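Chemist: Line by line, the protein sequences give chains A and B.
The letter at position 33 of the first sequence is residue 33 when you use this note's numbering, and the numbering goes up by one with no holes.
The letter at position 179 of the second sequence is residue 179 when you use this note's numbering, and the numbering goes up by one with no holes.
Just so you know, the hints here were simulated from the structure itself, not pulled from any lab data.
Among the hints, erroneous ones may be present.
[Stated by the list, open to error] Chain A regions said to be covered by chain B (calculated; three or more residues, Cβ under 8 Å):
{"#": "1", "region": "120-134"}
{"#": "2", "region": "238-246"}
{"#": "3", "region": "260-266"}
{"#": "4", "region": "271-279"}
None of these values were measured; they are calculated from a predicted model.
Even for Gly, the Cβ is constructed at its ideal location relative to N, Cα and C.
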Amino acid sequence: MGGTWPFRQVAFFMRIFQKSWLHILFAILFILLSSQNISAFVRENGTLIVEVALNSFPSEAVHIQDNVGDEDFFDNFEDEFGDPSENEPFDPLSGYNRVMTTFNDKFYFWLVKPVAKGYKFVVPEGGRLAVNRFFKNLLFPVRFINNSLQLKARAAGVELSRFCINSTVGILGLWDPAKDWLELEAYPEDFGQTLGHYGVGSGFHVVLPILGPSNLRDSISLIPDYFLEPVSLIEPDLDELAVKSYDKLNYTSLHIGEYESLKKDAVDLYPFLRDAYEQNRKKKVKE
Amino acid sequence: MKKLVYCILFLIVFCPPAAAGKTGDVEILLKEKIDKVLDLLRDKNLDKKQRNEGILEIVDPMFDFKLMAKLSLGKKHWPGLNKDEKNEYLELFVKRMKESYLEKMDLYTDEDMVYDEAKAVGKKVHMKTYLASRDNKLEMLYKFYRSGERWKVYDVEIEGVSIIQTYRSQFDGVLRDGTVADLIAKLKKPGEFSSVEVNN
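Pulled out of the complex, with its shape left as it was, chain A reads as follows:
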């Protein structure tokens, strides 16, 4: 290490000044002052390389000349993002998925959105938010069971408290006093996340009709979650479907513009939505 030179320097100092505490103090002060620069240099050495590399990118696009420094510079970030071709997911259904993505897109723009906009026009926002809270409260069993299955005791406890408070004080969940007054927030978990928590991989990507992006694991997980959802108990099935559609419509009315905005970021819609979904799920499983 570059440690030899300060030692020699000190020896030199001491020979000149002879041994005395005062002189040693001076020596220490001197080294202290110079060493901060050194250690800063040592620590920042890597950063310096990055900066040198960065500066080799001229600040104005017009003056780009060569790729000097690209290598060092990219290595600092490449590790984080990985090689795109290695990240290329196994996607045996891509043909079908693309078609279904287009179908869902049209379904949204031609049917769901106009209806949601009409509904939004008629029903004031306060009402729609209350309905949204009501349906969210009903999904308590899904969240509670999946938190419990993942042994997330605190989250399960919070969910249980939320359900008790919101169903009573919050009048059937139309309001959310647990969050507003007690700052107890929901911990959404589904069976796909439970499986992921125990190491089940996501499998290949599947775009479900109307429901949108999913993968093998999460699609299968819809079945246990279906049975945990109280609305699923409604008979006949047609009524159940009507109630669930209404829930989705109400939700959509609160989020008009989000899909449109998201979509504008896409160069190619299907892989964009696929990657966004998979990254988002990965994060949710990790939490």
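Got chain A sorted already, so can you dock chain B onto it with the hints?
Modeler: This is chain B only, laid out in the frame that chain A set:
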């Protein structure tokens, strides 16, 4: 005696000075920028053009859009572009990022912003913020790196979805089957629904 001096010197030389509060710097920077943007968004007297110009003026120095552009192509593709392609690509990508950012601002109503502590991740610093909307909470992670004397954002993750990562795989997909010209053409083309209606 001598040993003691050497010990002390050794400690001084090799113990880096206390962490220079880089996470603190980032926290201050990001909070300041976001607060300024929120002020503009809440100001109902501004017309949209003024507002957008104001926002860009605030955030432009913090975002390293050009680095984002390069990272989105990555080491695999960026060095392969020739000079003209690089210039055109940079210009289009930066424009696109700015437009996309401003458009996200249109979705803002009056949500509260919650800031988490910044965390050092290697040489970089990550800072989480939460946008608490009417019915959910959106997590936004800003990733900073040190650029000269400043901290700059090189990626943003929204609910775990990295902007750079999604661009990388999309661009890789386009370039695997097509050419740089195809990519540039795609970037030139505004989104399929470019005249997005937002009337929340």
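Chemist: Next, verify each hint and record whether it holds.
Modeler: Here's how the hints hold up against the structure:
For the region 120-134 of chain A, the assignment as covered by chain B holds, since 4 residues bring a beta-carbon within under 8 Å of that chain's beta-carbons and 3 suffice. With 0 residues having a Cβ less than 8 Å from any Cβ of chain B, the region 238-246 of chain A misses the three-residue criterion, and the hint is violated. Counting residues of the region 260-266 of chain A whose beta carbon lies closer than 8 Å to any beta carbon of chain B gives 6, which meets the minimum of three for the stated coverage. Given a C-beta distance limit of less than 8 Å, the hint that chain B covers the region 271-279 of chain A holds, as 5 residues qualify and 3 suffice.
Going down the numbered hints, you'll see the structure goes against just number 2.
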